[in-house]
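The opening residue of the sequence shown carries number 1 in our numbering; numbering runs sequentially from there.
In case anyone wonders, no lab produced these hints; they're calculated from the structure. Small disclaimer: the values here were computed from a predicted structure and weren't measured. Be careful, since some hints might not be right.
[Claimed, not checked] With a Cα cut of at most 25 Å, we get these calculated DMTMM-like pairs of lysine to aspartate or glutamate: (1) LYS217 / ASP571; (2) LYS532 / ASP547; (3) LYS532 / GLU506; (4) LYS199 / GLU241; (5) LYS522 / GLU555.
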Amino acid sequence: MDIRMRKLALSDEILMQVEKPARYIGNEINAVMKDKDLVKVRFAMCFPDVYEIGMSHLGIQIIYDMLNRFEDVWCERLYCPWVDLDAVLRRERIPLFALESQDPVRDFDFLGITLQYEMCYTNILQILDLSGIPLLAGDRGVEDPIVIGGGPCAYNPEPICEFFDLFYIGEGETRYRELISLYEDCRETGFDRKAFLRKAAGIPGIYVPSLYEVSYKEDGTIEAMRPLYPEAPATILKELECDLSHTYYPEKPVVPFIKVTQDRVVLEIQRGCIRGCRFCQAGQLYRPVRERDLAFLREYALKMLASTGHDEISLSSLSSSDYSKLPELIDFLIEECRRQKINISLPSLRIDAFSLDVMSKVQDVKKSSLTFAPEAGSQRLRDIINKGLSEEVILEGARLAFEGGWTRVKLYFMLGLPFETESDIRGIGELSNKIAAVFYETVPKEKRNGRVQIVASTSFFIPKPFTPFQWAPQCRKEEFLEKAYFTRKTISEQLNQKSIKYNWHEADASVLEGIMARGDRKLNQVILSAYKKGCFYDAWSEHYKNDLWMQAFEECGIDPDFYTVRERGADEIFPWDFLDCGVSKEFLLKEWQRARAGDVTPNCREQCQGCGASRFGTGICYEKRGGREA
Numbered sequence: 001m002d003i004r005m006r007k008l009a010l011s012d013e014i015l016m017q018v019e020k021p022a023r024y025i026g027n028e029i030n031a032v033m034k035d036k037d038l039v040k041v042r043f044a045m046c047f048p049d050v051y052e053i054g055m056s057h058l059g060i061q062i063i064y065d066m067l068n069r070f071e072d073v074w075c076e077r078l079y080c081p082w083v084d085l086d087a088v089l090r091r092e093r094i095p096l097f098a099l100e101s102q103d104p105v106r107d108f109d110f111l112g113i114t115l116q117y118e119m120c121y122t123n124i125l126q127i128l129d130l131s132g133i134p135l136l137a138g139d140r141g142v143e144d145p146i147v148i149g150g151g152p153c154a155y156n157p158e159p160i161c162e163f164f165d166l167f168y169i170g171e172g173e174t175r176y177r178e179l180i181s182l183y184e185d186c187r188e189t190g191f192d193r194k195a196f197l198r199k200a201a202g203i204p205g206i207y208v209p210s211l212y213e214v215s216y217k218e219d220g221t222i223e224a225m226r227p228l229y230p231e232a233p234a235t236i237l238k239e240l241e242c243d244l245s246h247t248y249y250p251e252k253p254v255v256p257f258i259k260v261t262q263d264r265v266v267l268e269i270q271r272g273c274i275r276g277c278r279f280c281q282a283g284q285l286y287r288p289v290r291e292r293d294l295a296f297l298r299e300y301a302l303k304m305l306a307s308t309g310h311d312e313i314s315l316s317s318l319s320s321s322d323y324s325k326l327p328e329l330i331d332f333l334i335e336e337c338r339r340q341k342i343n344i345s346l347p348s349l350r351i352d353a354f355s356l357d358v359m360s361k362v363q364d365v366k367k368s369s370l371t372f373a374p375e376a377g378s379q380r381l382r383d384i385i386n387k388g389l390s391e392e393v394i395l396e397g398a399r400l401a402f403e404g405g406w407t408r409v410k411l412y413f414m415l416g417l418p419f420e421t422e423s424d425i426r427g428i429g430e431l432s433n434k435i436a437a438v439f440y441e442t443v444p445k446e447k448r449n450g451r452v453q454i455v456a457s458t459s460f461f462i463p464k465p466f467t468p469f470q471w472a473p474q475c476r477k478e479e480f481l482e483k484a485y486f487t488r489k490t491i492s493e494q495l496n497q498k499s500i501k502y503n504w505h506e507a508d509a510s511v512l513e514g515i516m517a518r519g520d521r522k523l524n525q526v527i528l529s530a531y532k533k534g535c536f537y538d539a540w541s542e543h544y545k546n547d548l549w550m551q552a553f554e555e556c557g558i559d560p561d562f563y564t565v566r567e568r569g570a571d572e573i574f575p576w577d578f579l580d581c582g583v584s585k586e587f588l589l590k591e592w593q594r595a596r597a598g599d600v601t602p603n604c605r606e607q608c609q610g611c612g613a614s615r616f617g618t619g620i621c622y623e624k625r626g627g628r629e630a
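All chains, please: the whole structure from these sequences, using the hints.
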């Protein structure tokens, strides 16, 4: 395609009317342009949120780069239009378009939608609606794109399964080539949508919802989920990229025109986490831990910095401190980044002497804050959630930080955790106070530049599938708010309360997220109803309309409490039980029982717990431990 001849989907008049028109014009540095007449398959890759959020997502960058390396495929990007453009597109009847070609999405072969959080579900319907694609998969014809869902929320796809033709379960590097080749073969022989989907169900990691039926017991729980065709497997095992040092990774990420949430080069150093926090879904889904080679990371860091012009690089990992070659990588980056005047961002580090030493080398300490995530205020509750963090470690980290010149500390906690008591909640204020006290004990008066700033933030606990807490009840909105008010009160009673600021999340949206996280197929009709009433951009508090959601539940005859406040029995069949994330349900149940008893489980490097992830034959499960394999 001649870029000079490329016609924008939106007129100058429209672009001048909307906020941040650069969201919609494409043609950014490193955007991939191809001649559409020279490719066999066109793939629209969508992040169902606004451009600034979607452009920050590493997973899409990886898949975009991978698909565009295939000569027969052109992958383009697509994000949700903001509310101002949404209104214009509807009024002017302009179909939603992909950024690179500016062509309508409905003209593509595939529409891939990443599912990163439950509160984007109505945005999926916005994308389909504006594209002119039937909202329900059963209503689509031969000429409509194949709509694919993937990402962490695909591990319970049931609340949105009627909107998707298929789901890709697991990591995207492994099966897309096979799926696209199958599509090409089916096209050559006269395309039959249903026949293609039946054949696609035979590819490992592919779930086609229309090929299964669900039956329910009288109490509303699931009786069984049965495949309707022999091609559809009874259980679908997630796809896993075993060798992260010999796989796809972008050398030339697309550089946005405007400032986005993560405006930097992102270097993924490993996948998975050894820690086993019982509330954390990612820690289970991405097992086993797999590291990228040091040589790989050095090479790609240099290539991406050179190809983008970014002035910052960030290390991506669930727990960066657990990367075995972190000191060597940091030394390399400090040397290179100092020479090129590039900043280094180091999220998800444990606050210990090594980490603080590193951060003091790469940050202007006067401008930065440190983040601790104790998650719970008391040691009892931290043991229940298997956080593996003692008060002594937290306070020692704070002391080292204050000695190093930091004066601002962010603390993250959850409210509504299983088995939480009033004493545990009070511990949030008490721990915040103790950290403030460490500052005043550590830093002499003459060296203080005002008060220490402690920012304590609480989110509300949401039980997620494939975690030990998937059996746990969730609090009602009123209970969440009571806990937040009590937290605020206990902070106000602390000696150092003037040094402590308290923030908490929205309770309404947390309850809805909990419903969607553990929901079943019955929720498809609720989501559709809420969207038709005007709900989208639910993840944005200024656009979230709880009253309309509650109306949708009532009109569909569905009780939200069924999905939230009840504790599940050990023998209950979950909507996601037909998927296998690599971690066994037996292991998760054992961890739920250990949580109830307050027992701590060692991390993967200390002792193998037999979670089931060793079946993949890679990663930490096969590291030498004490002269033997784990």
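Hint check results:
For the hint linking LYS217 to ASP571, the alpha-carbon distance of about 13 Å falls within 25 Å, and the restraint holds. Taking the CA atoms of LYS532 and ASP547, the gap is near 14 Å; set against the 25 Å cutoff, the hint holds. For a cut-off of 25 Å, the pair hint linking LYS532 to GLU506 stands: about 23 Å separates their Cα positions. For the given pair, LYS199 sits about 23 Å from GLU241 by alpha-carbon distance, which is consistent with the 25 Å threshold.
Between LYS522 and GLU555 the CA atoms are separated by roughly 13 Å; this keeps the pair inside 25 Å, and the hint holds.
Violated hints: none; the structure is consistent with every hint.
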